Amino acid sequence: MIYKYDEGNKTVINDGFNVVEIYKDTHLNMNYVIVDLNGDHGLCSNTKSIKYWIILDGNATVYLSDKKFQVKQGDFIVIDKNVKHNIIGKVKFGVICMPAFDSSTEEYY
Numbered sequence: 137m138i139y140k141y142d143e144g145n146k147t148v149i150n151d152g153f154n155v156v157e158i159y160k161d162t163h164l165n166m167n168y169v170i171v172d173l174n175g176d177h178g179l180c181s182n183t184k185s186i187k188y189w190i191i192l193d194g195n196a197t198v199y200l201s202d203k204k205f206q207v208k209q210g211d212f213i214v215i216d217k218n219v220k221h222n223i224i225g226k227v228k229f230g231v232i233c234m235p236a237f238d239s240s241t242e243e244y245y
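Going by this note's numbering, the first residue of the sequence shown is number 137, and it counts up by one from there.
Note that these hints are calculated values from the structure, not bench results.
Predicted model only: the values in this text are computed from it and were never measured.
All residues carry an ideal CB built from backbone N, CA and C; glycine is no exception.
Here are the simulated distance ranges between beta carbons:
1) Asp202 to Asp142: 37 to 45 Å
2) Thr197 to Asn218: 16 to 24 Å
3) Asp161 to Leu192: 14 to 22 Å
4) Lys204 to Ile138: 32 to 40 Å
Between the sequences and the hints, there should be enough to build the whole structure, so can you do that?
As structure tokens, then:
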């Protein structure tokens, strides 16, 4: 099965933060979205999901707990549940969440 970016559900979070939901599977309990970010995602953590970020385009600064990393196209980031994280920059990245993203389990600081 092929899931097309152009056919995904689009959500505008704010002027610099857009999400396109590409795939959600209730059997596997995971989802995949692509995020276009121009700015600051915001510091958060998730109490249930492990997140996998794949940098598709651009450059950004990623914060994991108390560590800071510079990332670019091709980099892969694993964020365990309950880890505070943020990404800042002009960047397009894919996000896989397992289990599937649920906003009620996301905590913002």
